[in-house]
Amino acid sequence: MGKAFDIELIFTSIPQLLSYLHITIWILVASLVIGSTLGLFIALPRIYKVPVLSQIAAVYISFMRGTPILIQLFLVFYGIPAFLQLIHIDVSRMAPLVFVIITYSLSTAASFSEMMRGAINSVDKGQTEAAYSIGMTGTQTFTRIVLPQALVVAFPNFGNLVIGSLKDTSLAFTIGVMDMMGRGDTIIAATAHAVEVYIALAIIYYFVAIILEKFFVKSEQKLQRHDQPVHV
Amino acid sequence: MVIDVPFIWTAFVEILKALPLTLLITIGPLLGGLLIGIAVAAVRINSVKIITPIANVYVSFFRGTPAILHIMVIYLGFPLFINKLSRYYEWGFNANSIPIVVFVLIALSFTAGAYMSEIIRSGLLAVEKGQIEAAYSVGMNRFQSMKRIVFPQAFALSLPNLCNIFIGFLHTSSIAFIVSQKELNGAANIVASNNLKFLEAYIAAALIYWMLTMLIEGITALLERKLTVYNRGGVV
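Heads up: the sequence lines are chains A and B, in that order. Taking the numbering used here, the leading residue of the first sequence gets 1, the next gets one more, and so forth. Taking the numbering used here, the leading residue of the second sequence gets 1001, the next gets one more, and so forth.
Which residues of chain A face chain B? A few of them, derived with a C-beta cut under 10 Å, are:
hint : residue
1    : S62
2    : F63
3    : F74
4    : L166
5    : K167
6    : I199
7    : L212
Hints are computed from structural coordinates only; laboratory data are not their basis. The beta-carbon is built from N, C-alpha and C at its ideal position, and this holds for glycine as well.
Using the sequences plus the hints, can you model the full thing?
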């Protein structure tokens, strides 16, 4: 086994792990895109207080935010095949990556809809009234006036959501996805050194998180440039 | 039907037995994290030289990496370290004799510490400076004004964040099954594979987590109403 702790292995395993970073990013981007779209549609019935639909949305959000993502991952992984079997569709050979993206999208949708609900409610009601007063329809008012302002309000929270999702992706390997964590397992099996590989993984996640954070701070400054105080 | 509904109840009862361990892995790190968080927040608020940059890196690193890696690095790394020390100083003991749950508690305490320090910092900074000045003006010393004026308000202001971190760590404790801890998720895994009823077992586990989360939210809401009495505003 050689040395108990081989510091060199940290550096040699980083490139090997990095070659699987695109899978992590793919899970992140796919679940964010699907989840935010879905989340917006879940937020709408709650904002406009649509009967029945709004209660269903509330239960959905409460459940997704009330259970660990790991449990959700297992529920989707075992639940979807079981339900599809009822209508005689066999998905037992579907790639685990699909289940991961479904789970993370559903989870993102719940967080995103709560975020958007808060942001949309924070837009001054006078804005809606002003839009109506110049003859805009409800949809126009929402998409042209309210939504753009709400997105700016929600932006910092969205940054946190993305970094949170990035960290959640580290659990995808539990249902057999070959992402960075999965690749890490194979390196551990080959070298019998585990701590070094996990440290290497931590370094990669940390750097990705820092890059995302920098990006969000920069974008936020850009988005809020019209809000800057006027210097006389 | 593919789902064995009565088995969900059987699994529910079986998994619920793992609740004490889950609560230990949730509350233990939060208490440990509170101590770390107070120390780190104190360092960062007073901007102590040299230690502040270290504290900043600690907070950003632990917030930027997944908790599962904290558990794995400490669970696998600490024994190497302890065994080396033990051999060097001839303590005559081996890290194998330490229960795994200790490593989980240490690892998650570090995770919680990073989040706690941010909560404490923002809570303290949210209390208006005028409050401290007012306390000084009536002759309180620094300690008194902190204990009687700043902390109670900072605590009330931090409650929503504390509720979130409590729920967050309840959910994070589900990762401990990776190092074969029999907490709720670990128990669900065992029930699932023993009976080959995976979906039912995880539904039962999800229901337990969900109920616990709602319970925490309910208690926080009650507590918040009590603690922010001073802030009701209005005339009467």
